[in-house]
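Participant: The listed protein sequences correspond, in order, to chains A and B.
Using this note's numbering, read the first sequence as starting at 1 and increasing by one per residue.
Using this note's numbering, read the second sequence as starting at 1 and increasing by one per residue.
Hints in this document: simulated from the structure, not taken from any laboratory.
Some clues are possibly wrong.
[Stated by the list, open to error] Stretches of chain A that chain B covers, calculated by requiring three or more beta carbons in the stretch to come under 8 Å of a beta carbon on chain B:
(1) 121–130
(2) 206–213
(3) 299–308
[What the hints assert, rightly or not] Derived CB-CB ranges, DEER-like:
(4) ASP165(A) - PRO40(B): 47 to 53 Å
(5) VAL92(A) - SER5(B): 55 to 61 Å
(6) ARG77(A) - ALA92(B): 53 to 59 Å
(7) LYS303(A) - ASN93(B): 43 to 49 Å
(8) ALA193(B) - SER187(A): 34 to 40 Å
Predicted, not measured: the structure shown is a model, and the values here were computed from it.
Cβ coordinates follow ideal geometry from the N, Cα and C atoms, glycine included.
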Amino acid sequence: MSTGTTKLDVVVSDVVPVNELVTRFHFRRRDGQLLPTFSGGAHVVVEMRDGERTRLNPYSLMGSPLDTREYTISVRRDDVGRGGSLFMHRNVRPGMEMVISYPVNLFSLDLRARKHLMLAGGIGITPFMAQTAQLAADGGNFELHYTCRTASLGTYADVLRERYDRRVRLYHDDRDERIELDRLLSSQPLGTHLYVCGPSGMIDWVRDRAAALGWPAETVHFEHFAAPQPGAPFDVTLAVSGKTIRVGEQQSLLEAVEAAGVDPPYLCRGGVCGQCETNVISSDGKFIHNDHWLSEEEHRCGKKIMPCVSRFEGRSLVLER
Amino acid sequence: MAAKSIISRPVYATLSPQPGKHHLFVADAEGALAITDLAPKVPDGFFADAHIIFIPGNEGKHVAALEALKPAQLYQGPSFASALPRLKQTLANAHMGLRLYLAGTEGLIGQAMQAALEAGIDHTSIQTEHRGSLARRMQCVHCKGITENVTTQPATCSHCGLLLLVRDHYSRRLAAFQGVCINAEDRSEIPPAEEIFR
């Protein structure tokens, strides 16, 4: 059961290649009405009917929250991923009818902040496209630091520089440009909130430095949709529904549970929202936790698992599902 | 010790050292003891980045104990009101990395927190420890006047004179407990006042 994810029937209104890796998709409602209101940082889960298989991938909305005639997402092609981004790039065409979830925001701005300091890495720029549009409309105080591999892969860097000029600072890996993170974090006025979206290594680095430099946890916001990692197949017993299932190499535990006809709640499918948190009844083996939801302590004691991104290796696993 | 009754009633913990580049303390009277009790737990060099704003009160004790911690700055003021401009100025010029510690009476903690909230600090990011008097800062919900150092239940509003039930209902925005008329139906009914917030 997709808690809170009421579905929207949409049509693909445009498909725009942005650079060699990223393509933008525009969706409008099939009935011509306005789409639901959203706030900067929200994402939708896009349903992809790929033959027998249904893929459900979350993507941040990147359009202005002030314009709900259409939703836009940008998808970075991952040639060695599980296939969702390849499906979007290869199969989705203008005019195609698709189903997406209502928007959900797990990365919202804290509007009590005196200033918003945003750090983006690569395709992690997308939620900031919406957040900067939202803040700029209200005269909000923000500063965006955007790291990309090369200028040609700096998705929307040109758009952002044109819109916000010096409030956007770019760093190119191939030119050895690096954020001076400690200096940046230590020079922010009291009341600043920090937002980071990008690769998990970048998020961990920024969170660690912020904590060490005295940023309270309440002021540090991050979003990383961990795509479910493939791994060795494993068997799971679902105690409540009385089923034993096999999780395939390219399948997530959540997808395997859904394929068996059991409908656990979910929202983000990326290890951040906590909706699909599942109790472990018994286990004999090793957990491979990939989520950002459970605490380190919870990861250690093996009583809970986030089936959207985490896996298991060992002899037996019994879940309360 | 303040006990949790309703959700808005603040509860206080024990000060603990936080990672940060600067440490700002605001304390009154016995609140100084919360700072000296914290001292053995702090990392080396902690007080070299510390600024203590202290209101010793009538008894004038504990100043020497705070001096012995060798903070970068130690300010003493005769009242919270006299220290407030300094607190506001410090917060206005501060950067992220400043941590705030409040210790002493509820009135002091509440009013210092009010200034901190205005400066953009989340109340959950602030370390607090209650020491000393349980006297309350009370807002009369009828005339909106604030009465300081309320120790009795009920208490008389120092502005409009109504007899007020001092509630546990607390406003962080006003830094005050709410006082509601206790005998609105019949003003001649005067329940005995007990001194319960000592």
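Participant: Can you tell me if the stretch 206–213 of chain A counts as covered by chain B, using C-beta to C-beta distances under 8 Å and a minimum of three residues?
Facilitator: holds (count 3)
Participant: Count the residues of the stretch 299–308 of chain A whose Cβ falls closer than 8 Å to any Cβ of chain B, and tell me whether that reaches three.
Facilitator: It is violated: at least three residues are needed, and the stretch 299–308 of chain A offers just 0 whose Cβ sits closer than 8 Å to chain B.
Participant: Kindly confirm whether 43 to 49 Å is satisfied by the beta carbon distance between LYS303(A) and ASN93(B).
Facilitator: This hint holds: roughly 47 Å between Cβ atoms.
Participant: Is 34 to 40 Å respected by the C-beta to C-beta distance linking ALA193(B) and SER187(A)?
Facilitator: Cβ of ALA193(B) to Cβ of SER187(A): about 54 Å, so the range 34 to 40 Å is violated.
Participant: Does the stretch 121–130 of chain A contain three or more residues whose Cβ lies closer than 8 Å to a Cβ of chain B?
Facilitator: Our answer is that it is violated, as 0 residues pass the Cβ test (under 8 Å) against chain B, missing three.
Participant: Kindly confirm whether 53 to 59 Å is satisfied by the beta carbon distance between ARG77(A) and ALA92(B).
Facilitator: Given about 48 Å between the Cβ atoms, the range is violated.
Participant: Verify the CB-CB distance for ASP165(A) and PRO40(B) against the hinted window 47 to 53 Å.
Facilitator: For ASP165(A) and PRO40(B) the Cβ distance comes to about 51 Å; the hint holds.
Participant: Go ahead and decide if the range 55 to 61 Å is satisfied by the Cβ distance of VAL92(A) to SER5(B).
Facilitator: holds, 57 Å
In this structure, the hints that do not hold are numbers 1, 3, 6, 8, in rising order.
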